[in-house]
Structures are given as structure tokens and as C-alpha cells.
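Chains V and U are the protein sequences, given in the same order.
Heads up: the first sequence begins at 1 in the working numbering, then just goes up one per residue.
Heads up: the second sequence begins at 1001 in the working numbering, then just goes up one per residue.
Hints may be right or wrong, so weigh each one.
Here chain V is said to cover these stretches of chain U; the calculated rule only asks that three of the stretch's residues, wherever they fall, bring their Cβ under 8 Å from a Cβ of chain V [stated by the list, open to error]: (1) 1005-1012; (2) 1049-1055; (3) 1100-1106.
The hints are simulated quantities; they were obtained by calculation from the structure and are not laboratory data.
The model shown is predicted, which means the values in this text are computed figures rather than measured ones.
For each residue, glycine too, the CB sits at the ideal point set by N, CA and C.
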Amino acid sequence: MRIVVAVKQVPDTAEVRIDEERGTLIREGIPSILNPFDEYALEEAMKWRDKLGGTVTVITMGPPQAEAVLREAVSMGADEAVLLSDRAFAGADTWATSHTLAKAVEKIGDIDIVMTGKQAIDGDTAQTGPSIAASLDWPQITFVGFVRELNQDSIVAERYVEGGCEVIRSSLPVVITVLKDANTPRLPSLRGKMKSRKIEIPVWGREDLELPEDEVGLDGSPTRVVKITTPEILSNGEIHHGESEKLAKLLVDSLLGSEVP
Amino acid sequence: MNYYLSEELNDLKDLCAKIAEKYILPVRAELDEENRFPREIIKVMAESDLNGIYIPEEYGGFAETFGGGSMALTVATEELSKACGGVAVSYAANALGAMPILISGSEEQKKKYLPDLASGKKLAAFALTESEAGSDAGGVKTKAVKDGDSYVLNGTKQWITNGGEAQIYTVIAQTDPSRGTRGLSAFIVEEGTPGFSYGKKEDKMGIRASSTMELIFEDCRIPAENLIAREGHGFLVAMKTLNKSRPGVAAQALGIAQGALDEAAKYASERVQFGHRIDSFQGIQFMLADMATQVEAARALVYSASRMIDAGERKYEKESAMAKVFASDVAMKVTTDAVQILGGYGYMKEYPVEKMMRDAKITQIYEGTNQIQRSVIASALIKETAARGK
């Protein structure tokens, strides 16, 4: 089983603030981490590799320092890593990013599954995984909470969606996006840490992937982020104290009198 | 203070801190309350390769990566002990159990037992203590009688850390009762050997996550090749083992002390009395300053002893004993002061410092009481002085 896990380096969002004027994230002083959702994808990939044999190759697109998350993934047990980095990739939206990642999957070659986290905690779009599938013209299963079966020909996965669970069988190759329900990610091992310090991580740029200029980075991105804002607080909550019956009446009355659609 | 640890040792420290944060902190109070051995955590540690850090590469470990293994064990044990002294000793007791094989085992014994210990597939325990043989190892009553190609063991070992959880036991027994400590021999006994069973599990004051059990040998027949070194060398094997493992107990004490200091400093920065944070009061400040200084001094001594061992120094029993004595006395003092700083809260089980105080106490007692350690230090000192006089 040859698996690619596409990961993203993200700011540790616990403390991220927004620059109101520029409409961008203030990244200074915020540590970068491996997107937590991607850890579940990585664990799922390694779990099946450990069971069936094969390799897990982890890839990311980003600036040179994004290499850190690849080394972290190797310390956790990934076999190989490739960094996609090029000035030309800067400013990519999810379309251009997933197109670039898909090209890398093709270049690695002979891949059975691409796994990603369900979304990244910075952009929260959940588009990159599905978009890789579209770019590769492979089937996709998103929001996978449990992989029931996996063999050389097919996968059976449970897709956790609002109000239920869909069980989907797909042929390979396939792209899946993984939920945190799927597993408990392992910690790095010492051997993994040693390997991660020594491993050579190839860096592929636009030319290595044979991508035209207008398909990558800002030029290849059909969308533009115009502005990021914190939602305005339209009304403040009210806190009432008292007996539950009176409170219930108060709540019903205020709901009846409100303009909640 | 910066001890300029190697990158590898820093990696090890980070990994142990992660294990502590993710797996130990959430359950330490529960493990303590329920007197429960942390099997899941021990498994995670094994998967993270922690069991191989003191075992050489040729036997499946990677002690060489850390420059020997003593410093690695110290760093790991300290970091784990900050979170829980009971979990940490369950981990470190493997090293103690493996030590007789590492130090004095034959090539065949090393090849047979060490790889499974390095991978964490099996756990180890060291069994010396008996009801009448504590500080005085000469009081060991467990007998091993040679019978053809076997030895037959009879007797009871007491207070064995990792008892009932380990699969490989290094056991000290009498092969010649007429010779006292010179009649002792060391053996490897595997779990499941007919005649080998477990007695009662102890209900302890502290380190309650660790398993402390009786080992019972009733006509327990083991192959003669399980003898470590030679007949009569058991006391020597035990002393070499303890000399080398003492920095591990010292590291446990150091970690407990650091954990208590961290809790006390944090509490003092949050607790307000008389309208001020209590760390603005000189009475508390001086206590914290003394605690921090003692912890740092203990660390300097423990690290120095471990580095001596890793450097290949042949004689280190004095330094090893000094590290153990000092760090464990510091742990008792600092944890007691931490409880004091937290006041009434410190005395309650909702806060972790009362457990740290209970955990600290054992470090003054086991692997040689602090009184025995002082004898070791004094006798080394007397010998050095005599040698200088010549």
C-alpha cells in the first residue's frame, strides 16, 4: 500500500489574532505546528501501512520552514517526505494548492491512497482534500471517521455526516479526508526523531512538477481573499437568575417576542 | 541552569515531557487513588523507544546515541517524575532489573534477554530485598541449590518493584549460606516458571501507581545457564547494579522536587491574600528561592554522577550515593515546603503536592537507605584519606 499524506503547517491558533486593518492573521510570535487534523490522517496511513506493508510519504506545500512539519511527521513514523516549495507557489488558494499537491502525487507515482485531515485549523475550508481528488480525477470519501476495510483493490469507510453515518465502498486509488474519530495519533518515537534529523527531504518547485506559471500560486488562483474580519457582535446575552419555572416562562416570552426567524 | 544537553538528550526530554502531558498528568491522581499499575502508559513509553535508551545497539537499544545510557535514563526519569513518581519508577525499575544482565551477564544471556527489554516487549524487575534482608544483603534467606543442569530456588522476596508486571526477574539468592554475602549468587527467573508465583501486592504510602509485590519461589527449577556471572558473585553483581542505578532514583527524586517547585511557584503567583499575590511576600519568596536553589544543586550532582558513569569512570559509588542522598533529601524538603506554600489546599488531594510529598519519601528509603548511602560515602572518604596518607 503506497500512501501519500498531504499535511499543512499552520499557526497554533489558540493565540492567533486578526490584524483588523489588513484583514490578515497576525503570525508574528505564533508558533507553527502540524495541522492537528492531519495527525489523524497520518496515523490512519501509518496504521494501515503497519498492517499491510508499504510506504507513507508525507508532502506539504509551503515556505522552506514548512519542512519542520515534514520532519515531525517522519519522527512519528512516516517513511519519506517531499517539500513543495517555490516562490511561484506563493499566494495560492485552495484550487492552486490542491492542483500542485496533485501533481506531486502523480510525480511520486503509483499511489493507492491520498489522505488528509478533514480541514486545516487556519483556513478551515475543508476544500484541499476534495480538490486534490478532483484534480487527480480520483474518487473521494470525505469526513472518514472509521476505515472498515482496506486492501489492494478497495476501501470501505464510514463517513460521519450530520445526522448519520454513510458507509462507502470505493475502488483505489482514492482520496480520503480523516476525522479525529478515526484513531489516536501516536507520539513520535526516539528512533523516528533520529531518522527525522537525518532524512534528506527533496524540495520540488514549479519546474520539477512541470506546471505552467498560470496554474500555480497567486496567478493560478481563481479566488482572492478580500478581507478577514471578526463577526460583529449584534447583541449581548442576558443572564437571569431565579426559579426554573419563572426562568422558563421568561425564556419562552422573550423568544416569542424576538425576531428570531 | 543550562546543562548543554546533546540534541539527542533534548529530544528524549521533549518526548518524555509529551508523554507526561498527554498520558500521565490526566490520570496520575486516579492511578494513585486506585493503586493501579499504568500498563497503557508503559506501553506508550515502549512504543516511543524509551526502554532502549540504556541498552547498547548490538542488543537492540541505542545507548550509544546518548553517550552511554546513564544520562539518558536520568533525563527520562527526571522528566517523567515531574508528573508522577509512581509511573516514573515503574519505567526506571526496568533498567534496574536489566542492569545485572547488562553489567555481568554472559553474551548468551545478553542476546537472549536484552532485545525484548529494549523493545519493551518484556519488563524487568530486580529482586534482592527480603523480610530480613534490607540494608543487610547478607540476610538473604532465599536458597538456590544446584541440581544437575538446574538450580532449585526456595524463598520469598519482598517489596519487589514491577513485581507481577515484569516477565524477567533478576534474583539474588544464597548458594552457600555459610559464606554470608560471599555465598550470594544472581539468577534470571522468567515469569511462568513452575514454582514461581506472586504473593501480596503492597498498599503503599506513595508511588502507588507502581506495583510492589512479593515473589514466592517453591521448588522453582531454572536452567543452570540462568546463573549470572559465577556462584558467590551475587553480592558483587547487586552492588554494581545499585551503584549504577542510584542516579536513576536520584533523578526520580529530582523530578518529584522540580514538579513540586513548579506547582508551588505557580500557586504562589496566583494566590492572593491581604490584597497581594503571596509570591510578593518575603516569607514565601525565601522559601521558593531556597527550594529552587536546592533543586538546582541536586540536578548538578545527579547529572555529574550520570556523566561520570557515561564517561567510563570505573569508581563512582561515592558520587552515585551522594547524588541519591542529596536529591532524595531535597525532594522530601521541597515537597514538604510545597505543601506548606499551598497551605490547606496543599494538604488536600485536589492538588498534586500532597501526593508528591508522599512519593518523595520512598526515595530516601529504597535502593539503599540514605543512612546506608552515608556509610558508603564515609567509607569511600576514609579510604581516599588513607590512600593520601601513604
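Q: Enumerate the violated hints, using their earlier numbering and listing them in ascending order.
A: 3
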